[in-house]
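J.: Please take these sequences and the hints and turn them into a complete structure.
The sequence shown: position 159 = 159 (our numbering), numbered continuously.
What the hints contain is simulated information worked out from the structure, not anything from laboratory work.
There could be a bad hint or two in this list.
[Stated by the list, open to error] Here are the in silico distance ranges between beta carbons for each label pair:
| no. | residue 1 | residue 2 | range |
| --- | --- | --- | --- |
| 1 | 114 | 176 | 25 to 35 angstroms |
| 2 | 141 | 190 | 37 to 47 angstroms |
| 3 | 14 | 244 | 23 to 33 angstroms |
| 4 | 251 | 125 | 43 to 53 angstroms |
| 5 | 247 | 94 | 14 to 24 angstroms |
[Unchecked claim] In silico SDA-like pairs for lysine to any residue, Cα to Cα no more than 20 angstroms straight-line:
| no. | residue 1 | residue 2 |
| --- | --- | --- |
| 6 | 11 | 115 |
| 7 | 85 | 175 |
| 8 | 247 | 103 |
| 9 | 11 | 113 |
| 10 | 98 | 2 |
| 11 | 85 | 99 |
| 12 | 215 | 225 |
| 13 | 8 | 113 |
| 14 | 215 | 46 |
| 15 | 85 | 179 |
| 16 | 8 | 87 |
| 17 | 177 | 250 |
| 18 | 215 | 59 |
| 19 | 251 | 102 |
| 20 | 99 | 253 |
Where is the CB? At the ideal position from N, CA and C, for every residue including glycine.
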Amino acid sequence: MLKIEMSKLLKRKDILMLFTMLVIPLFYSIGLYFDFSLITYNGETQEYALKFMVSMFEFVFAIFLYFFMLALSTSHTLAGEISNKSIAYYLQRINDRKKIYLSKKYSLIAIFSIICILFSIATIALYYIFVIHRPDVATTTFIVYDEVLFLFSKFIIIYLFYITIISYSLFLSTFVKKNLVILVTIFTLIILMYMEYIPIVQYLSPFYYITEISKLSPSSDRLIPLLLIGTVMHIFYNIICDTIGIKIFNKKDL
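T.: Below, the structure written as structure tokens:
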């Protein structure tokens, strides 16, 4: 069933739009290579390949556009099929709503994970094709082992946030229309952004962990605790969304 869902996803334009993530490091790398005035580098130290890749992933996250696109893709996956009644034909063949729900979630995660892997490989390749020709910005170094955990933490805490967005949008898709799924998801993200600055409540905001980890030095003692707490928080949110979403989907009149 997972293969069927993935093949369906890859035929959709909104899913293919997610691959535009790869265009951002391409433009940035070319901009640095040709020293375009619009592309600036404000780092205090020179970049190396792995660090550049994570920095680009953070930059994509900061754009915020891909939260919207991911919510759009997720809403089409379930809410779209509910609204156009195509899910009813699916249920005639597979009378297991939980299995259908989870296959849709895991197929979205699989596609997004593939995009992230391609993004990482492409960004590192672009670094050595273009960025490395700027000695004021880049070095030939691929990895600095003392900073691996720090870079991994920054990457994974953002990646987990995207996965939670998939879970949340899929949960919303069980009881609201697809256009409303996007609006509610964006509204929730705005609330979470403000929560980051409210004492105590901030620990419930994914933005808090992303910001705090990005502020740390690679050798900080706070790195692992923040990563673990942030990971547990995302797992908790995913379990809640999946549990409630499956219950609503099971009871829904389709």
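J.: Run every hint past the structure and note whether it holds.
T.: Do the hints match the structure? See the list:
no.	hint	verdict
1	114 to 176: 25 to 35 angstroms	28 angstroms, holds
2	141 to 190: 37 to 47 angstroms	39 angstroms, holds
3	14 to 244: 23 to 33 angstroms	25 angstroms, holds
4	251 to 125: 43 to 53 angstroms	48 angstroms, holds
5	247 to 94: 14 to 24 angstroms	18 angstroms, holds
6	11 to 115	15 angstroms, holds
7	85 to 175	14 angstroms, holds
8	247 to 103	15 angstroms, holds
9	11 to 113	17 angstroms, holds
10	98 to 2	13 angstroms, holds
11	85 to 99	18 angstroms, holds
12	215 to 225	14 angstroms, holds
13	8 to 113	16 angstroms, holds
14	215 to 46	18 angstroms, holds
15	85 to 179	16 angstroms, holds
16	8 to 87	13 angstroms, holds
17	177 to 250	17 angstroms, holds
18	215 to 59	15 angstroms, holds
19	251 to 102	16 angstroms, holds
20	99 to 253	17 angstroms, holds
Every hint from the earlier list agrees with this structure, and none is contradicted.
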